[in-house]
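*Asks:* The lines below spell out each chain.
There are 2 protein chains.
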Amino acid sequence: MATQKALKRSQRHFYFADETLDFAAGWLLGYAQQGGMSPGELFYCFNQIKRESPLVWVKTFTEALHYQQAKASELEAQADPAGAAAHHMAAVVAARAILHMLNPTLPEARVVTEAMERAFQAAIGQLGVRLEPWAIPFANGYLPAYVSSDLGSAKTLFVVIGGGDTYREDLWFFGGKAALERGYAVLMPDLPGQGSTPYQGLHFGEATIEALGVALAAVRQRGFAGRVVLCGWSGGGYFTTKFVERSAPAPEIAAWIASTPIHDLQHVFEVAMPGFLRTNPSSWWKQQVLHLAGQMNPVLQAALEKYQWQFGPEGIAGIIEKFADARVNLERLNIPLLALVGESEDAEMIRQAEVVFQTLHARQPASSLVKFSPASGADAHCQINNLPLAQHTIFAWLQGQGL
Amino acid sequence: MATQKALKRSQRHFYFADETLDFAAGWLLGYAQQGGMSPGELFYCFNQIKRESPLVWVKTFTEALHYQQAKASELEAQADPAGAAAHHMAAVVAARAILHMLNPTLPEARVVTEAMERAFQAAIGQLGVRLEPWAIPFANGYLPAYVSSDLGSAKTLFVVIGGGDTYREDLWFFGGKAALERGYAVLMPDLPGQGSTPYQGLHFGEATIEALGVALAAVRQRGFAGRVVLCGWSGGGYFTTKFVERSAPAPEIAAWIASTPIHDLQHVFEVAMPGFLRTNPSSWWKQQVLHLAGQMNPVLQAALEKYQWQFGPEGIAGIIEKFADARVNLERLNIPLLALVGESEDAEMIRQAEVVFQTLHARQPASSLVKFSPASGADAHCQINNLPLAQHTIFAWLQGQGL
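For the protein sequence lines, the chains are S and D, in the order given.
Residues 1 to 403 (my numbering) are what the first sequence spells out, left to right.
Residues 1 to 403 (my numbering) are what the second sequence spells out, left to right.
A hint or two may mislead.
What the hints assert, rightly or not - Calculated lysine-lysine pairs in the DSBU-like style (CA-CA distance at most 30 Å, straight line):
#: 1; chain 1: S; residue 1: Lys371; chain 2: D; residue 2: Lys371
#: 2; chain 1: D; residue 1: Lys50; chain 2: S; residue 2: Lys371
#: 3; chain 1: D; residue 1: Lys8; chain 2: D; residue 2: Lys371
What the hints assert, rightly or not - Each pair of labels, with its calculated beta carbon distance range:
#: 4; chain 1: D; residue 1: Arg182; chain 2: S; residue 2: Ala225; range: 55 to 61 Å
#: 5; chain 1: D; residue 1: Gly128; chain 2: S; residue 2: Asp325; range: 48 to 54 Å
#: 6; chain 1: S; residue 1: Gly400; chain 2: D; residue 2: Gly402; range: 32 to 38 Å
#: 7; chain 1: D; residue 1: Arg222; chain 2: S; residue 2: Ala396; range: 32 to 38 Å
Keep in mind the hints are simulated off the structure, nothing from the lab.
Heads up, the beta-carbon is just placed ideally off N, CA and C, and yes, glycines get one too.
Could you build all of it, start to finish, from the sequences and the hints given here?
*Replies:* In structure tokens form, the structure reads like this:
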């Protein structure tokens, strides 16, 4: 089984024997620190999942979604906006849970994605949060995003960039909410490959990096004239590193946070991905192996199907070819960096975070590297089981920069 | 094993095979919705507890306490009050976890209790919360409490009353924090038998009910001139019911919340407590049975030792004799009541909540009974796995009363 997880992300055991489901369980529990589904609601679902299969998981969280939707409607009818918002936000998390294990090419997946978007937008509406949905024109389509309504008067924009597993609604929990509460303007975009963008034919690759530049330009056109802070999570750690490299010199970017910064994506795949993804250079062969691995474990198959969909026709196996120059020229990085890394992440992620930090610290002494120990609870990939600690670390550092 | 739990409190399984430890695990996880230890920190501890023994539990959470204390000091030295407060509040929860399984008569237990108090007071100090510790004179000793600093100008005082398992610091999570955030003044007292009061020779019984009256009079002497809202949890459901009966007519008490209201404590013990507590009227015999039951399960033994300490020389077995009149005269209750009950609680708790609600609803039509379903996550005893939902329900109801 050790080779059947996609990447070492955590050393914690929560509830399920299957590592993929267990990581998802811990992820959802982590969200409970910021609203979403409570531990009681989550374990009500977990307890119903006796057989660890994607089908049972999807069925269970679908019932939770319907329950939360009904409660939200009920409280809206009672003119109880805060109560309705709490249930809408729990509906977002239930929908998000479903999407962990539902083949995104099925029609049901689009229905769930739209339900998640509606629930999120209803929640922020009921709460009176100054955030609105925004379709940023890109290529022949658009980047689905949320953006602060009061961009024109904002001094600092906190841009949350997710990774291979995020929808724009996730970015609320990855700093969007915390930044708004602290008075920042916020941009939470889905870049190509993320969220629902593969439905538009947008996939991970060069377009992902380009799109970040397009989104920042669009923010300027929308009236924002302040400083930009980039905050990248998971794959977003690579996307932001690459973007900072390409943007140099980039006076408009005042600071950069990455959990974790990645300068050599190819090496991550070679060293940290399991054997069945890297033993043979032939994409065809790799895809066959993926298929076989999936047949052994339906949960892993569900997770891999989603990644395949996000990476486009060549799938995950073609990832390295998708980025014109997957390695980052460290010499071109020149923005103060806060690098966050969990001690329970893969050693290669920790190593690259150290390399990027050392490079930048010499040039930008305000740069900092924070390693989260197991006792901190923030030691997993993206600090997913103690996001408030990561967020406190981020905003304390920004405050130290006068941002 | 079914007879080895003290009372049916939950239908959820979280992590441990032992029901007492598992309920404690779910309790601690529930606190994570309001600060305290994160899911990551809690599961770091849970994962270390391979053998489900009180000793291992205590050792593990003692390490967590020391870790949080060290981090809090570190951040205080860095002039980071919000960061220090978060670690202090996690230290409170770690200490509270220890006290679930540490014999309170051991010297170590007093050290941990004092560490919990210091951490809580440091947290509210660092956060600038307008709450202060208060020793309310009572009998030959005092009731340890926290009270709002600005009582004189407050319109409504929200009084949080815990049960058989609470320390005054727990009351922060049981509505103290939520009430302060909504602009209420707050009183969070330990009544006789609760928290550290047995060290003063104070135990559950008549004194518990009397002390609530003493605390409310003391608040008046301290300058409070507004309306009082009582909110009782667990055993506090009984204490407040009894207090409301005795205070009638009680124009100073504007509203009463109980999760759950209990009018016949004796019947709860007869019907809902396990056989080994009720098969024989002889206290001596019952204590022998308790001793035997404890020998079968060291976790249960640790829990029962704590209860014995709280109930005084006659122990749990003498409980009924401890209250001069354990039954409440329903005819004397006449304050608007919000009764909260979880559908996964013991049937007798649900039944009594219904009886008290029906009685009051006829007299005080603003009264309401809210039953939380398993899907709500608030279906356990005290809504412990979704306290924010219970709190939202409480404050929406109070708002409806113009309070």
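*Asks:* So, for every hint listed, does it hold in this structure?
*Replies:* Verification of the hints:
no., hint, result
1, S:Lys371 to D:Lys371, "violated, 44 Å"
2, D:Lys50 to S:Lys371, "holds, 27 Å"
3, D:Lys8 to D:Lys371, "holds, 16 Å"
4, D:Arg182 to S:Ala225: 55 to 61 Å, "violated, 37 Å"
5, D:Gly128 to S:Asp325: 48 to 54 Å, "holds, 50 Å"
6, S:Gly400 to D:Gly402: 32 to 38 Å, "violated, 46 Å"
7, D:Arg222 to S:Ala396: 32 to 38 Å, "holds, 37 Å"
Hint check: violations occur at hints 1, 4 and 6; the rest are consistent with the structure.
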